[in-house]
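Chains as they are written, first to last, in the numbering used here: chain A, 699 to 1112; chain B, 96 to 342.
It cannot be assumed that every hint is accurate.
Some chain B residues judged to face chain A by a derived CB distance under 10 Å, without partners named [said to hold, decoys possible]:
{"no.": "1", "residue": "R146"}
{"no.": "2", "residue": "F151"}
{"no.": "3", "residue": "R172"}
{"no.": "4", "residue": "M187"}
{"no.": "5", "residue": "I198"}
{"no.": "6", "residue": "G209"}
{"no.": "7", "residue": "S321"}
{"no.": "8", "residue": "Q324"}
{"no.": "9", "residue": "P328"}
Quick list of the computed label-pair ranges, beta carbon to beta carbon [said to hold, decoys possible]:
{"no.": "10", "chain 1": "A", "residue 1": "M769", "chain 2": "B", "residue 2": "S254", "range": "27 to 37 Å"}
{"no.": "11", "chain 1": "B", "residue 1": "K251", "chain 2": "A", "residue 2": "A963", "range": "34 to 44 Å"}
{"no.": "12", "chain 1": "A", "residue 1": "M769", "chain 2": "B", "residue 2": "L323", "range": "36 to 46 Å"}
{"no.": "13", "chain 1": "A", "residue 1": "A1052", "chain 2": "B", "residue 2": "P328", "range": "55 to 65 Å"}
{"no.": "14", "chain 1": "A", "residue 1": "A788", "chain 2": "B", "residue 2": "G281", "range": "52 to 62 Å"}
{"no.": "15", "chain 1": "A", "residue 1": "F815", "chain 2": "B", "residue 2": "K251", "range": "26 to 36 Å"}
{"no.": "16", "chain 1": "A", "residue 1": "K858", "chain 2": "B", "residue 2": "S254", "range": "25 to 35 Å"}
Note that these hints are calculated values from the structure, not bench results. Only a predicted model underlies this, so the values are computations on that prediction, with no experimental measurement involved. Cβ coordinates follow ideal geometry from the N, Cα and C atoms, glycine included.
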Amino acid sequence: MMLLLRLAVRNARRNTVRTLLTALTVTFGTAVLTVAMAWITGVFGDVLGTAADAAGHVRVVDPDFASREQMNPLYEHVTGVAARAEAIAAMPGVSDVAPRIMTGVSVSVGDEIGEVFALAMGAPKAYYERRMRFDEHLVEGSIFPGQSPKEIVLGATVAKRAGVKIGDDIVLFGQTQDGSMSPLRGPLVGIVHTGTAAIDQGAFVLLERMMYMADIDDAATEILVFGEDRDDAPALAATVSAAPELNGLTVQAWTHREPWSGMLAIADVVRGILVAIVVFITALGVWNTMMMSVMERTSEIGVMRSMGLSRMGAVFLFVSEAGGIAVLGGLLGVAIGGAAARYLEVVGVTLGEATTAQFPSDIPMKATLYADMRPDIAMTAFLLALLMAAIGSALPSLRAASIAPVEAMRTGRR
Amino acid sequence: MKLTALLVLLTSTLSWAQTPTADQILAKVDANMVSETRSNKTKMTSITPQRTRPPFEMAIMAKGADVAAIEYIAPVRNKGTKMLRTGTEMKMWDPESERVSTISGHMLRDGMMGTDLSYDDMMSITTLRTAYTSTLKGTEPCGNGETCYKLELNAKTASISYPKRVMWVDTAHHIPLKQELFAASGMLLKTWEMSQVTQFGDRWYPLKMVVMDKQQQGTSTVLEISELQFDVPLAEEVFSTRWLERH
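Here chain A stands alone, though its shape is the one from the complex (with noise of 0.2 Å):
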């Protein structure tokens, strides 16, 4: 065995550029895995975390509201939403309940209305804090100091637009459920910049202001439940499904709810796509070094065979100048693919607010996208090296390894 692996170094080493440029490959294909897996999994996981912190791990809604929900109907909305959050809150697993309305509202600081619109929402202000950390995006005032109960937050992309300023006295013009025109007034106490243009695009209440502004008493659209992991919701949503005050109504985890169902699987399969890509030009081009050393060194093949040494023994050697190649390669590639990954994880891509706009107000893509470079990224893509190795060196290999001992002490001489 250490003979064999004796040899493995004489040859990686027999043709130092040819064996630099196969782990350089190697280096490539790893470091690019690297940042890629890291980019994939924090911009989706970015996204996916701030939708499932703002849209609840799991939701409880009306059938016909869920049915419905481009429509918006305030009418369709849970009652009785109190004694519900209580019911919710005291069930295992439940760490936060935030029962929540949202509606489109046009935001007025002088007397026209129509200029400026926001996606408005009313929700408890631990709601705020804990779930959309507004706390950590404040850029001006504060989140509802409780000076009044009329106070009003704006996100920084509307408060610009209708040049308002902490202290002004505005109104939020909405509707009742049944499409009467109702509105808001209130000074708005605080102004937050998220960097996600659906949230930054928003008017924030407390519950009680929304549910006068959609003259609704005790109720919500919907209520929101929140457990301590989001990956936990589907358990979470089948304990909170069962509950009897929640007959009639429908739960969903947000993994089971769109647009986000179809994320989930749509990142699965770019990671599955990327991975696959990346290994099989690697691979090729162990492969290709692979087949040049079997080949330059088919009559050395022969003598060994001819010596004693098994097809076995011809696999393995080739296997680990393959696999050593591939070690020194891939943690190269993961040094350097984990540093640019690190990099794109402290400075991020910016995308614009104008970009981020565009988007569904159901994902809250931000307006700079950040890597999550994590170890079992580096561990990944470390593994997937001496995965390339493996499969590039396999045929190479198989070819040395079933080579006549005497054909192969012939090739030499021709």
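Got chain A; can you put chain B on it based on the hints?
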């Protein structure tokens, strides 16, 4: 034989001579529907498949074709809300915002308080003879056994809310008992039916109207008019911003 033929010819000629032109019919419709001033109370009930809403009750004062003031009396949530329409602009004051807001442009064609009527429908009266060219399409039975002139109206300008109307005007009182209101594309937007035609001096006016927005599914709005007075003196202040802000 010759005498009979002469009589038939004479009768048909007289009959033709008695049939008014479309323009004459429209002039009579306008004479009934448009007034110098008007005040009334209106109960507006919106019927939707989803739920029953409490009806709106309002006091309306109108001057000419496009100046009108509305004050909501009920339900409690809307009590005190005022709307003032002057020309193409509408201002609103409501107890929640305590502010006069201006509604203009396309919003005037939105459903008023979520009903099948737009702000334009409720707060302006189109003088049909001025706004449309008309064609008489004959007579048809309509309403509760009445006979109606069927008219087709096409707007003279593009700014009219309903570029095309088909209306059935009763031959007795010249009230459009039924109207179909179309978009420029020919799509049916609304139907508007009028009934309980009552005499007020030398004019007739319907005290009940049913409007159906055909873009909505299964909705209708019923207007029931009471305390109707025409050509009464109305204070100029009623049609001012100061009236809106007074509460």
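* Asked: Which hint numbers doesn't this structure obey?
  -> 7, 8, 9 and 11
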